[in-house]
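Participant: Model the full assembly from the supplied sequences, consistent with the hints where possible.
Heads up: the protein sequence lines correspond to chains A and B, in order. Residue 40 in the UniProt record's numbering sits at position 40 of the first sequence; the count goes up by one each step and never skips. Residue 90 in the UniProt record's numbering sits at position 90 of the second sequence; the count goes up by one each step and never skips.
Please keep in mind that the hints were generated in silico from the structure rather than gathered at the bench. For clarity, every value in this text was computed on a predicted model and none was experimentally measured. Where is the CB? At the ideal position from N, CA and C, for every residue including glycine. It cannot be assumed that every hint is accurate.
Stated by the list, open to error - List of simulated lysine-lysine pairs, BS3-like, C-alpha gap at most 27 Å:
id, chain 1, residue 1, chain 2, residue 2
1, B, K47, A, K75
2, B, K59, A, K99
3, A, K99, B, K25
4, B, K156, A, K75
5, B, K148, A, K54
6, A, K84, A, K99
7, B, K25, B, K117
8, A, K99, B, K117
Said to hold, decoys possible - Here are some, though not all, of the chain B residues that point toward chain A, as calculated from beta-carbon distances under 7 Å:
id, residue
9, D64
10, Q75
11, A76
12, Q163
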Amino acid sequence: MSSGRHLAILVLLALGAMAVPAHAATIQIVMENLVVSPAEVSAKVGDTIEWVNKDILAHTATARNGDFDVTLAPKQTATLVLKKAGTVDYYCRYHPNMKAVLKIAP
Amino acid sequence: MFVRLSIAVAALSLLGSAALAQNAKLTDPQIAHIAYTAGVIDINAAKQAETKASNKEVKAFAKDMVRDHEAVNEQALDLVKKLKVTPEDNDTSKALSKQASDKLAELAKLKGAAYDKAYIDNEVAYHKTVNTALETQLIPSASNPELKGLLQTGLKIFQGHQQHAEHVAASLK
Chain A
1 MSSGRHLAIL
11 VLLALGAMAV
21 PAHAATIQIV
31 MENLVVSPAE
41 VSAKVGDTIE
51 WVNKDILAHT
61 ATARNGDFDV
71 TLAPKQTATL
81 VLKKAGTVDY
91 YCRYHPNMKA
101 VLKIAP
Chain B
1 MFVRLSIAVA
11 ALSLLGSAAL
21 AQNAKLTDPQ
31 IAHIAYTAGV
41 IDINAAKQAE
51 TKASNKEVKA
61 FAKDMVRDHE
71 AVNEQALDLV
81 KKLKVTPEDN
91 DTSKALSKQA
101 SDKLAELAKL
111 KGAAYDKAYI
121 DNEVAYHKTV
131 NTALETQLIP
141 SASNPELKGL
151 LQTGLKIFQG
161 HQQHAEHVAA
171 SLK
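Facilitator: Here is the structure:
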């Protein structure tokens, strides 16, 4: 293998690696004082949702349709990569008043 | 039952305001004591409910109360340690504790659906009373900004609890 070929492969790999983050976004959702904000988020399959719990209490992000159930310890952040399109209502199992929705496009 | 409950709530608020009126202004050590006591009361009620309640939602609510009030009280302890404040017992704390132990004894006699309803109705009333006290007396009286901040956070949390309790109470009817 020539060094030129090596370089080409490296460039391809680098481009490939860059291509993924260019499509997938990370969307931050904050839980503070028992409020989810923003309460409605539009995203795409492959995007990462990052929930930031700023409260001194534990919360969860629990999908009504059973797709996910993320637990957030006090002052912790948790992430979830979206795998399926659809509108998903979710809430906190510990504080059912905390409600929000993810609108996931294919 | 409901009348008795309302009287208890009224008595509690009267006791609270009478005690508060005597001490024209509550000190931070007293406020810290009252807030901590109010949390312990709800934890004790919830622990009783965890063993006595039969309804699934009521049981889950009780678990939530233990988790949240323990978290808030832990923060309160950390704060008083940091501020080198020693919580000071006072008439309001005493009145709250006395009323709460009477309530606990009263609830202990009930069973099944009657217990569930009485517990959750009392949670609605109790959180209402505590939230009013926080809003009108404890928060305005607090001098230290960090203590004031924790009480304000507490108020938001307990308002959430009140709504949650109201929701569970409505589902039992």
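Participant: Hint numbers the structure violates, sorted upward?
Facilitator: 3, 7, 11
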